[in-house]
Amino acid sequence: MHKSILSASGIAILGVILLLTNGISNSLFSRFYVDLTEERLYSLSDGSKNILAKIEEPVTLRYYFSKTDGASYPAIKLYGQRVLDLLREYDRLGGDNVTLEVYDPRPDSEEEEWAQKYGLNPFTLPTGEKLFFGLAAVNAYGDEDSIPVFNLQRQQFLEYDITKLIHSLRTGALPKVGIITTLDIQGAPKQMPPGMPPQPSDAWILVNQLENVADVEFLGTDVEKIPDDVKVLMVIFPQNLAEKTRYAIDQYAVKGGSLFIAVDPFCSAFEPPQDPNNPFASIGADRSAVLPELSGWGVEMKGKKVVGDINLATPVAVRQGQRPEMFPVWLTFSSANAPKGEWVVNQDEIISSDLETLMIPWPGAFDIKKQEGVTITPLLRTTDEAMLYEENDIRFSADRPEVLRKKYVRGTESQVVALKIQGKLKSNFSAKPGDGAAETNMSTEGGHISQGTEDANIIVVADVDFLSDAYAAQAQNIFGARFISLLNDNLIFAANATENLSGSNDLISLRSRGRFVRPFTKVQEIEASAQDRWKQEEEEFQAKLNEANQRLSQLQNGMDSGGGKQAFSSALLEEMKDLRERKKDAQQKLRDVRRKLREDKEDLGRVLFLVNTFLIPVILVLISVFWYRKKRGGNVKEDSNE
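Numbering (this note's numbering), first residue to last: 1 to 642.
One should not assume that every hint holds.
[Said to hold, decoys possible] Listed next, with one range per pair, are the computed distances between beta-carbon atoms:
id : residue 1 : residue 2 : range
1  : 71        : 606       : 17 to 27 Å
2  : 130       : 549       : 37 to 47 Å
3  : 73        : 549       : 35 to 45 Å
4  : 152       : 554       : 44 to 54 Å
[Stated by the list, open to error] With a straight-line cut-off of 16 Å between C-alpha atoms, the simulated EDC-like cross-links for lysine to aspartate or glutamate are:
id : residue 1 : residue 2
5  : 67        : 129
6  : 231       : 499
7  : 231       : 455
8  : 231       : 454
9  : 584       : 540
Calculated directly from the structure, the hints in this document are not laboratory data. Quantities reported herein were computed from a predicted structural model and do not represent experimental measurements. In this text, a Cβ means the ideal position worked out from N, Cα and C, and glycines have one as well.
All chains should be modelled from the sequences, with the hints used to inform the complete structure.
Next up, the structure:
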């Protein structure tokens, strides 16, 4: 008996010690931990560590999270703590160059006022409460930037967003974007018939959008070397580029450059030269453009074939007053169009994660060949039922959806329309054209480089038209001011790519991480099973209820408009009484079905609560008791032997 009391007392004392230890460790050692999560969600990637190590001027991170007002919302509270834990890791690794300040802005407080000054956006809860959940960053020069709100939908990009915020304060000046194109996208004067003056044309809205985030420079089509200060090189419709220009592009990529390349099997924006002697010359003109050097890096466009996909077809109004027709070669890429369990827009890649809808007209497709040291990641792809139209199908029927639909044959594999190339590239040239210079593996002033030592980052899209005004945006002049409205996310995709590529390799190297809030898939399956079990009965009773309501409405309307004794016959009144009883019965049974569904879910929740709260601790206690008794039994045996 005495030993039993001691054992019970010992267990109680042990429990108190565990609680005290847990509380003390949370207070004193919260900054020290071991990250045991599957994808190391609380640890920073090497890219982030490198950026922190290169900070020259101190950066202050001011985290505004309405912890007090959001305490009753578990999901917000949990994610808010996760963000704080990651920010503490930035603070720890940043040393003296990173300072973390945490604020809990309350209504009508000074903290709330500062949060608003930094441009942080509170989100409104159903109760009307406004919660702040954002981050402001300020450097020693007073430059500032912010993440207005931490979006739970972007939780896998949390590290990228924070590191990008810090990196933006470190760089300052706009990155330079160089453009090589054979299209008139910068607004050069249009050539008119003899005797008429040239007419000015506006630059593509793409150029205007890029100028908001970069210093844009057109390099021409005969450039022999890409300037060293170009952070991103855009190559758009590289039709028949001179060899020296292709070599310049090749060497820029091999040196570890960042490129955005748009090739095309059929470009409607291309205006072929006019031939006065042959008015049909434009029909047979070559509207394609490729960059041969891509094949050396593992990517090759499938000739002049155009991708069609009836599942991604865009409705197009061909004739005024008629219903829109589905155009199988104007592809709308969005998560809504993706088959169940598949994707058409890669949501795991940073540059395409936020895109909702892209419209790509007459796109091509890529063959991907594995290259040593090179990683190729699809960004946009069709469904498995896509087909490839031959060149002549498009040449003579490019704007005739009914013809192309008749020729459509469902395919058996998806086609890649946009992709990303990353890795150390090999040159496609043995030496500089016409120079005969000896090749070298090292970067020397003016010397040829055959093998890259730095990672190149290249986005390639098999379409050019998606960047043009006709398919991306509209501009309106109102009282002398130019207003731009986007038709889709086409230009956002280009801007995202440019912004991402203009960062350092450390920033570009950051990948999407796992989610902090991970769904209980088994629980979801059980809930779905319960819902399916009651769904049929719910639909049956709902149908009876609708039928009764409809019949009652008909009878009521007849009585209101019919008049006379016949309208109030006993048979009619009896039917109405019966219908009301059936309606009442259907409503009751519908409530019962929905109540049972709720009870099933609540029972599941209670079981999970009991398992998490009691079963696991009980198992641990039983293991401890078993271990204690086993050890005690061994000691007793030793004592008896003595």
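Now the hints, each set against the structure:
1. 71 <-> 606: 17 to 27 Å: With Cβ atoms ~24 Å apart, the hint holds.
2. 130 <-> 549: 37 to 47 Å: holds (41 Å)
3. 73 <-> 549: 35 to 45 Å: For residue 549 against residue 73, whose Cβ atoms are near 38 Å apart, the range 35 to 45 Å holds.
4. 152 <-> 554: 44 to 54 Å: holds (48 Å)
5. 67 <-> 129: holds (13 Å)
6. 231 <-> 499: Holds, because 10 Å separates the two Cα atoms, which is no more than 16 Å.
7. 231 <-> 455: This hinted pair holds, its Cα atoms lying about 14 Å apart.
8. 231 <-> 454: Distance ~14 Å between residue 231 and residue 454 Cα, so the pair holds.
9. 584 <-> 540: holds (15 Å)
Checked against the numbered hints given earlier, the structure satisfies every one of them.
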